[in-house]
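Peer 1: Each chain is listed here by its residues.
Protein chains: 4
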Amino acid sequence: MKRVKIAVIGASGYTGLELLRLLLTHPHAELVCVTSRQNAGRSIGELFPRFSGAEAASLSFIAPDADAVAASGAEVAFLALPHGVAASYATSLLDKGLRIVDLSADFRLDDPEVYKEFYDGEHPAPELLKEAVYGLPEVHREAIKGARLIAAPGCYPTSISLPLIPLLKQGLIEPQSIVTCAMSGVSGAGRKADLSIIFCETNESVRAYGVPKHRHLSEIEQELSKAAGETVVMSFTPHLVPVHNGICTTTSAMLKAGADPEQVQAALEAAYGEEYFVRLLGKGGCPDTKNVTGTNFVDIGWNYDPRTGRVLLLSAEDNLGKGAAGQAVQNFNLICQLPETAGLENF
Amino acid sequence: MKRVKIAVIGASGYTGLELLRLLLTHPHAELVCVTSRQNAGRSIGELFPRFSGAEAASLSFIAPDADAVAASGAEVAFLALPHGVAASYATSLLDKGLRIVDLSADFRLDDPEVYKEFYDGEHPAPELLKEAVYGLPEVHREAIKGARLIAAPGCYPTSISLPLIPLLKQGLIEPQSIVTCAMSGVSGAGRKADLSIIFCETNESVRAYGVPKHRHLSEIEQELSKAAGETVVMSFTPHLVPVHNGICTTTSAMLKAGADPEQVQAALEAAYGEEYFVRLLGKGGCPDTKNVTGTNFVDIGWNYDPRTGRVLLLSAEDNLGKGAAGQAVQNFNLICQLPETAGLENF
Amino acid sequence: MKRVKIAVIGASGYTGLELLRLLLTHPHAELVCVTSRQNAGRSIGELFPRFSGAEAASLSFIAPDADAVAASGAEVAFLALPHGVAASYATSLLDKGLRIVDLSADFRLDDPEVYKEFYDGEHPAPELLKEAVYGLPEVHREAIKGARLIAAPGCYPTSISLPLIPLLKQGLIEPQSIVTCAMSGVSGAGRKADLSIIFCETNESVRAYGVPKHRHLSEIEQELSKAAGETVVMSFTPHLVPVHNGICTTTSAMLKAGADPEQVQAALEAAYGEEYFVRLLGKGGCPDTKNVTGTNFVDIGWNYDPRTGRVLLLSAEDNLGKGAAGQAVQNFNLICQLPETAGLENF
Amino acid sequence: MKRVKIAVIGASGYTGLELLRLLLTHPHAELVCVTSRQNAGRSIGELFPRFSGAEAASLSFIAPDADAVAASGAEVAFLALPHGVAASYATSLLDKGLRIVDLSADFRLDDPEVYKEFYDGEHPAPELLKEAVYGLPEVHREAIKGARLIAAPGCYPTSISLPLIPLLKQGLIEPQSIVTCAMSGVSGAGRKADLSIIFCETNESVRAYGVPKHRHLSEIEQELSKAAGETVVMSFTPHLVPVHNGICTTTSAMLKAGADPEQVQAALEAAYGEEYFVRLLGKGGCPDTKNVTGTNFVDIGWNYDPRTGRVLLLSAEDNLGKGAAGQAVQNFNLICQLPETAGLENF
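Protein chains in written order, with this note's numbering: chain Z, 1 to 347; chain Y, 1 to 347; chain X, 1 to 347; chain B, 1 to 347.
Note that these hints are calculated values from the structure, not bench results.
Hints are supplied without guarantee of correctness; some may be wrong.
Remember, identical chains collapse to one label, so a pair may be satisfied in a single copy or spanning two.
In silico lysine to aspartate or glutamate, DMTMM-like type, Cα no more than 20 Å apart, as pairs [claimed, not checked]:
{"hint": "1", "residue 1": "Lys213", "residue 2": "Glu262"}
{"hint": "2", "residue 1": "Lys116", "residue 2": "Glu127"}
{"hint": "3", "residue 1": "Lys283", "residue 2": "Glu46"}
{"hint": "4", "residue 1": "Lys145", "residue 2": "Glu340"}
I would like the entire structure built from these sequences, with the hints used as guidance.
Peer 2: Laid out in structure tokens, this is it:
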């Protein structure tokens with residue numbers, strides 16, 4: 001059975017951890033290199049006791065040096081690094097012939113000016129933006145297949161844009177009327193020693209944050225604008241809720257005058273009826289994060305409120321799964337011509 | 001010190017429990033009667049070990065009979081009963097000279113037709129609707145003071161309407177553009193043996209429910225319409241999140257053309273600057289439920305998104321506190337000419 | 001690839017759910033029959049949305065009738081039924097030529113008198129007790145391989161007896177000095193509408209229960225007595241803690257006079273050094289349930305307190321995994337001559 | 001009404017926070033000084049939004065300087081500081097005429113050698129050890145009343161020693177047979193940015209820690225030895241469980257030959273029958289932390305296992321309440337001749 005040699009760069013955060021979890025059992029992946037600046041020299045099994053029973057548990061973390069990564073024989077590298085840092089590794093590793101699935105924000109935006117506006121700095125490798133493909137397989141599958149550099153979407157963008165894109169493409173909703181609230185598990189805040197996310201500060205706590213201009217808006221609006229054929233500006237409020245992982249997203253938008261609400265179901269089915277990782281719950285369906293955690297599925301339900309004329313789109317995904325590591329593996333499968341669901345058929 | 005004799009009708013749910021918790025230490029309340037159909041004969045301390053150290057812990061539950069309640073000498077009765085059931089007790093107990101603070105939905109709506117639409121049945125005591133006062137002290141304080149029958153507002157309505165009312169009164173936002181998402185703790189679903197709320201079904205779970213026409217919309221829109229001077233119809237999506245108590249509410253609405261966003265702060269301050277139980281966090285403030293649980297406070301922050309022209313209103317309250325029992329006690333204080341904060345100054 | 005046809009009898013509790021989760025992706029199992037009295041006619045995917053993406057999601061639950069189960073072609077049946085009920089299905093299905101992995105307590109005890117003492121009733125099928133094999137593979141592997149009827153151990157018994165058995169066999173600890181405390185996740189209480197396990201009654205709650213004579217003591221003491229070569233009576237206190245799944249067990253026992261504490265490590269290594277599903281953390285290791293949830297691993301650490309002369313044994317497992325469904329699948333693999341880890345290599 | 005002027009030194013940890021919560025509403029306490037090295041200059045309400053409605057919310061933290069504390073007019077100082085640091089403040093403040101309730105470990109031990117053994121360093125003020133009174137009011141009430149320096153007991157010691165002391169005093173149990181497991185909420189680990197206690201590392205996790213010689217053993221064994229009239233050495237295993245606050249403790253010990261198990265109940269009643277803060281649940285009672293969180297109560301149940309001859313003692317307290325801040329306030333009330341329950345009658 002074909003096994004592609006893999007490196008995971010920056011493997012000690014929650015996204016990196018979930019990537020390891022998936023790759024350790026992926027039938028077509030062979031983990032040959034993991035890097036972590038802080039944990040160089042320690043093995044996967046030592047640092048993450050959960051994985052100590054895996055075949056690759058004895059693999060040791062090395063410092064994130066591009067030459068060393070290349071020397072490991074890796075053919076594909078996953079970058080689970082902070083934005084700004086990822087770009088330089090991408091450049092070096094592409095030069096050395098590796099293909100890249102980047103989980104940071106560095107290559108998600110087409111326009112370096114938008115990057116600058118949302119990420120407070122010049123884009124570190126603007127020449128690569130043209131080449132990078134936005135890794136949302138249900139929307140950009142064909143482009144992904146041939147790409148060297150994948151920009152895996154953010155967690156909120158995946159859960160927000162998947163339900164909206166078919167409706168915008170078919171002109172069923174008013175593009176400027178979109179209002180989204182989303183609730184994320186605490187793993188979305190990262191694996192770091194930060195007082196605001198210790199157990200006693202987050203348990204029994206619910207709060208909005210990052211308003212009114214969360215960084216993820218940049219890529220969400222970019223993708224929605226493409227779908228709508230016009231510039232979309234929307235309202236998005238993220239919330240932190242006391243679960244480990246999972247994002248629950250609720251979006252409402254005005255049905256366009258003349259549209260029939262039942263067209264919503266038709267549009268979703270046309271777009272996703274054949275998609276394995278998108279599960280349509282139909283009108284009235286209220287997705288629950290507990291049904292998707294640990295998986296690469298996104299569940300989508302919808303409703304229509306004749307009193308307000310608003311369409312309601314409800315989705316649930318795992319922020320570490322379809323929102324990060326799972327989707328990255330899905331992209332990896334595509335660029336390597338592997339079965340798209342390989343390593344992701346778990347429940 | 002004056003102590004008013006109190007009965008709590010239906011004291012074995014979470015709202016009843018929180019009422020007991022507050023009343024057991026209220027300096028001006030003397031608990032003389034508690035009823036519970038299922039638990040008649042058992043004492044407060046036996047049924048709720050948490051309260052076994054209280055002076056009134058030995059008081060026994062009786063069956064909810066109006067004559068027996070009156071015979072206890074109670075001057076004020078709190079009704080923590082399901083809608084439809086509360087109305088008949090209210091009628092009987094008013095006849096016997098008690099004043100009533102009703103925590104059900106039975107007397108919140110002015111119009112029995114709206115009750116019928118949202119609560120699936122004829123209103124059980126329409127003649128009392130005119131007399132009942134909607135118990136939101138920050139809005140209806142003077143009317144409350146003289147009332148015999150208080151309809152304490154629902155949990156969602158309190159958290160949603162408090163921030164909106166001043167803005168609608170001053171014409172700062174478009175009344176038909178209101179979109180609200182709210183997240184409630186599981187106690188909002190009641191204290192009952194129901195598979196959908198057992199620990200393993202709610203922990204590590206986030207989900208919307210009750211869409212698109214939650215019953216609470218009836219009273220929210222009623223109060224918002226009064227404030228706006230026109231009929232308000234809005235979008236409201238409640239969510240269940242794994243906390244014991246607390247509601248986090250996020251509302252957005254279009255700023256009216258010509259209005260200055262800074263007027264939002266001015267309007268909130270004019271309305272609530274002197275209100276003890278409303279704490280204004282100002283522009284950029286993101287209230288956190290963990291700061292209000294167990295209290296009668298509601299924390300309110302706001303923001304403005306110039307990209308969309310939307311005002312964002314953020315609030316946090318305890319669904320059992322300001323959203324139910326705390327507010328009921330605040331109303332009780334008002335109708336008995338007690339200090340409004342009596343028994344509610346805890347943190 | 002050989003696939004064994006499987007039936008799961010009583011598949012709608014948490015143990016049944018975890019069995020389904022494992023079997024849906026087991027490379028050598030083909031789910032052909034699932035039963036549920038309450039949910040007959042509904043499909044797996046309909047009842048458990050988490051599984052709706054699985055190949056077998058469209059399989060419908062049938063009523064638990066032995067003839068119908070046999071007619072499905074099932075070669076092996078897993079029984080996830082209450083004690084007392086399991087025995088009669090076991091009898092019927094064995095008669096029809098199926099092999100049985102029973103997850104109830106019905107066949108765990110050698111002596112029907114002990115069953116009667118701990119389970120309040122005559123044993124329903126005492127003639128099968130001799131044939132049944134206690135399904136703890138690390139202790140009874142060879143007997144399991146040839147068995148028609150496996151009694152999969154209870155959750156607490158697995159986590160308690162695995163660390164103790166090697167020490168008792170080698171005479172390192174005083175058999176009558178064993179004191180165990182264990183903490184279980186709420187799924188151990190079952191998937192049922194019960195007020196005592198709704199979210200608000202279990203979250204932010206820690207409590208002992210079932211003292212001083214939990215039913216699981218019967219099988220624990222049976223197995224420990226075999227290992228010690230004398231009748232062992234021990235103290236065991238279970239606790240309920242607010243996690244979904246996982247059992248953390250802490251046992252202490254007096255080191256025998258003359259024994260060297262370092263022999264503990266040697267005994268554990270001799271017993272489990274080659275066992276895939278037992279991970280030894282060594283002296284000082286404190287296992288954490290979060291490293292084993294969702295898996296079939298049991299992590300074991302130990303310590304020695306020279307002040308008291310007590311050996312401390314610490315273990316962590318998933319009560320639904322190695323404590324129930326995972327171990328049942330491990331037994332299934334053994335009786336079907338499949339690789340012992342098949343379907344269980346997930347992290 | 002008499003109000004004693006109070007300082008809280010080190011008020012930004014969870015113990016400090018709970019002290020503030022209690023003192024802000026204490027009818028006989030006037031908070032005049034709060035210190036925090038990191039937060040000097042910020043007000044209580046600013047740092048802890050939960051308290052922003054309190055009368056004293058505008059009081060600003062100052063740096064912890066003994067002269068400044070004395071200048072505030074404080075008559076009593078609570079020290080919520082790390083061990084080692086507390087002693088020097090105690091010395092200075094006693095010199096300036098304040099009385100001290102110290103919540104650290106600095107003055108709990110009679111013997112500086114034991115301090116050195118358990119706390120890795122010379123005792124910083126051994127001359128004060130003789131004067132300090134161990135602040136367990138139910139055991140040392142009279143000595144507390146006249147003390148200038150109170151050493152408030154640790155959280156585990158309170159929950160462990162309260163049930164054991166009467167039994168040891170009456171010679172009902174074997175002093176060398178004591179085995180204790182306890183489970184603590186995460187607030188016991190402090191309010192600090194530490195990776196091991198962030199939400200995703202503690203939620204859905206149960207683990208033992210600090211074995212086999214937790215620091216609290218020093219004071220527990222000291223107090224048990226006094227009660228037993230002989231040197232007691234015991235086994236104690238603490239566990240971390242995902243709740244905010246609360247300690248659940250399970251202790252077992254051999255009933256002495258010739259003793260009748262029913263004497264256990266008699267001994268507990270004789271010791272605590274009149275104690276407001278100790279609630280006896282009787283034989284079979286299993287205390288639940290959720291009934292004591294936020295209060296100063298400790299609930300105690302017990303059992304007897306005739307199979308093993310072991311007495312089981314079960315207790316529940318709030319680690320921040322009776323285990324820290326609540327008990328400190330109880331001590332404060334005693335040294336100031338206030339009603340012992342003042343400020344602590346909340347549920």
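Peer 1: Evaluate Lys213 and Glu262 at a C-alpha cut-off of 20 Å and name the case that applies: within, between, both or neither.
Peer 2: between (32 Å within a copy, 18 Å between copies)
Peer 1: If the cutoff is 20 Å on CA atoms, where do Lys145 and Glu340 land: within, between, both or neither? Let me know, please.
Peer 2: Within one copy only: 10 Å inside a chain, 37 Å across chains, cut-off 20 Å.
Peer 1: Regarding Lys116 and Glu127, is the shortest C-alpha distance of 20 Å or less found within a copy, between copies, in both, or in neither?
Peer 2: Only inside one copy: Lys116 and Glu127 sit 15 Å apart there, 63 Å across copies, limit 20 Å.
Peer 1: My question is about Lys283 and Glu46: at a cut-off of 20 Å on alpha-carbon distance, are they close within one copy, between copies, both, or neither?
Peer 2: Only across copies: Lys283 and Glu46 sit 15 Å apart there, 47 Å inside one copy, limit 20 Å.
Taken one by one, the earlier hints all hold for this structure without exception.
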